[in-house]
Amino acid sequence: MSILVYAEHDNASLKPVTLNVVAAAKAIAEKAGGEIHVLVAGSGCGAAAEEAAKIEGVAKVLKADSAEYEAKLAENVAPLLVKLAEGYDYLLAPTTTGGRNVLPRAAALLDVQGISDISGVEDADTFVRPIYAGNALATVQSSDAKKLITVRGTAFDAVAAEGGSATVEEVGAEGDAGLSSFVGQELTKSERPELTSARVIVSGGRGMQSGENFAMLERIADKLGAAVGASRAAVDAGFVPNDYQVGQTGKVVAPELYIAVGISGAIQHLAGMKDSKVIVAINKDEEAPMFQVADYGLVADLFQAVPELEAELDKG
Amino acid sequence: MKVLVAVKRVIDAYVKVRVKSDGSGVETQNVKMSMNPFCEIAVEEAVRLKEAGVATEIVAVSCGPQQSQETIRTALAMGADRGILVQSDEALEPLGIAKLLKAVVDKEQPELVLLGKQAVDNDFGQTGQMLSALLGWSQATYASKIEKADGELTVTREIDGGLETVKVKLPAIVTADLRLNEPRYASLPNIMKAKKKPIDALTPDELGVDVAPRLSVLKVAEPPARQAGVKVGSVAELVDKLKNEAKVI
Ligand SMILES: Cc1cc2nc3c(=O)[nH]c(=O)nc-3n(C[C@H](O)[C@H](O)[C@H](O)COP(=O)(O)OP(=O)(O)OC[C@H]3O[C@@H](n4cnc5c(N)ncnc54)[C@H](O)[C@@H]3O)c2cc1C
Ligand SMILES: Nc1ncnc2c1ncn2[C@@H]1O[C@H](COP(=O)(O)O)[C@@H](O)[C@H]1O
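The listed protein sequences correspond, in order, to chains G and C. Position one of the first sequence corresponds to residue 1 (our numbering), numbered consecutively onward. Position one of the second sequence corresponds to residue 1 (our numbering), numbered consecutively onward.
Everything labelled a hint here was simulated from the structure, so no lab data went into it. Source: prediction; values computed, not measured. Check before you lean on any hint, since a few could be wrong.
Which residues of chain C face chain G? A partial, calculated answer using Cβ under 10 Å [what the hints assert, rightly or not]:
#1 V120
#2 N122
#3 S132
#4 Q139
#5 S144
#6 E164
#7 V217
#8 L218
#9 K219
#10 V239
From the three backbone atoms N, C-alpha and C, an ideal C-beta is built for every residue, glycine too.
The shape of chain G in the complex, shown without the other chains (with noise of 0.2 Å):
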């Protein structure tokens, strides 16, 4: 029994989401025995691959390193998992826009029902999934020969980057489908932390009236080294851009802290934030039904709370 996991990369690094893969596939590993090997396919990934072969736990790196996977295409990705699944028995990814997009085009291909973003493992065959946006949670098993899964990052505790030393294998490409082509990208830089991994997430909804008034929020998460994130409805306003948005169909988050700020808390919305270890609301409604999964709730005019929470936090 062995597992590839796909690794999220942009050539020059790894996402950290990977770590928690690797763990999720560790905790597959200790029900189905089996090495754990992370294929890097990429164009000049050779940084990317170099790091995953520290991984903890992982004994080898496979590095696909052609212009074709460059862009990550899913056309062009979902052959060579298709061809390396024939050594391996699990084939994980993260449920991230990369893994979700080109995992079920390979489980097609292997006539594999795929599983999606798992937050546990019963058994070599059996796991747990959020389903009705995490409001409920399916057991299931797969009578497939191969698994092919993604994996919800936030379930699973990142493993050490460090301590491993994996060889790395050169694996041939499997050339340009031809049916697509990468035009550009417009990535939203920020000097904070990524949502998904951040410690702290300060979070505004339609309450925050403005893209400008987020600058509020930035300056909270930069004392608190925080990420910021934001509703649906802040995201459709334009305050701020679509990878801001946390929910069932923005990013699944669960921080150690997370300020939700003039957010009501519709299900799709808590579905992406009500693991978070401590939750704060603040919010002008008292019914709002944020209040009912947050640890601490504070009742009050945002525009009020805001200024002052920073004024506090000056305080040291």
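Given chain G, put chain C with the ligands in place with the hints provided.
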């Protein structure tokens, strides 16, 4: 360009779902059902493509129980031209649905298939990618903008780091994200007109597709409930609690 849109009937996104006490699933009796919100966005996009003179015909397809007809009717009222129901009372999974949709695509020969990026019941988010794989077509998931040029589409995709633009050759599969458009409400005259639009019925057997599930659901449970917290009276009290009680700042 002929466009196929896949639509799924799900528990309405705003219903608070309840887990059955025997752990066999969630309560569906007397619960409001609707079209999956991402499918509404897919239908809306197809209708806009038709209004812009890009799409020529829109076929709405749903796989599921007889009642999925209602979901198809909703699509017809929004502007789809005709419907296809692939009727099955089995619990269908994305792989089986993708195979059914492939069989329908083989018959209908559309140039574009629009789907939702995910169905909000099972939250799988797989069907579009699987259909694309089975057809050997290009795929553009999580679309927030679609433009057609000669023989290809330029699609803006919502990705974790921001936005990405790709070009995909036609025929193509595109899955809709939230910000692709805002779906319209069907007008009363259009709801009346939709009643006269044709819906063909097929079965998995007729399409020669094996839809036997690969996953068996052993148990469905409530997630652990969060303990009710406290209300604080002031910002100072909040900061004090975060520092000294929760010790998170
Ligand atoms: C298919 C689907 C998927 C979805 N996915 C997501 C998702 O991933 N993430 C997500 O967030 N949503 C998602 N939604 C949307 C979700 O249902 C809600 O509409 C959304 O979360 C509401 O955002 P909000 O809380 O910012 O806005 P509102 O619900 O309008 O709440 C604004 C809050 O701000 C408070 N407020 C206003 N002014 C002030 C003030 N001055 N001081 C203090 N408080 C104030 C109000 O009391 C209110 O509680 C989805 C919906 C659907 C149908
Ligand atoms: N039973 C179904 N009938 C028609 N289309 C479906 C069905 N299930 C899923 N789809 C399509 O596939 C998309 C993604 O669903 P899923 O992969 O289940 O999250 C949906 O938004 C629909 O467009």
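Against the structure, the hints:
1. V120: Check passed: Cβ of V120(C) comes within 7 Å of chain G, closer than 10 Å.
2. N122: Since chain G brings a Cβ to about 5 Å from N122(C), closer than 10 Å, the hint holds.
3. S132: holds, 6 Å
4. Q139: holds, 6 Å
5. S144: holds, 7 Å
6. E164: holds, 5 Å
7. V217: This hint holds: V217(C) lies near chain G, its Cβ roughly 6 Å from the closest one there, short of 10 Å.
8. L218: holds, 5 Å
9. K219: This hint holds: K219(C) lies near chain G, its Cβ roughly 4 Å from the closest one there, short of 10 Å.
10. V239: The hint holds - V239(C) has a Cβ within 10 Å of chain G, the shortest such distance being about 5 Å.
Every hint from the earlier list agrees with this structure, and none is contradicted.
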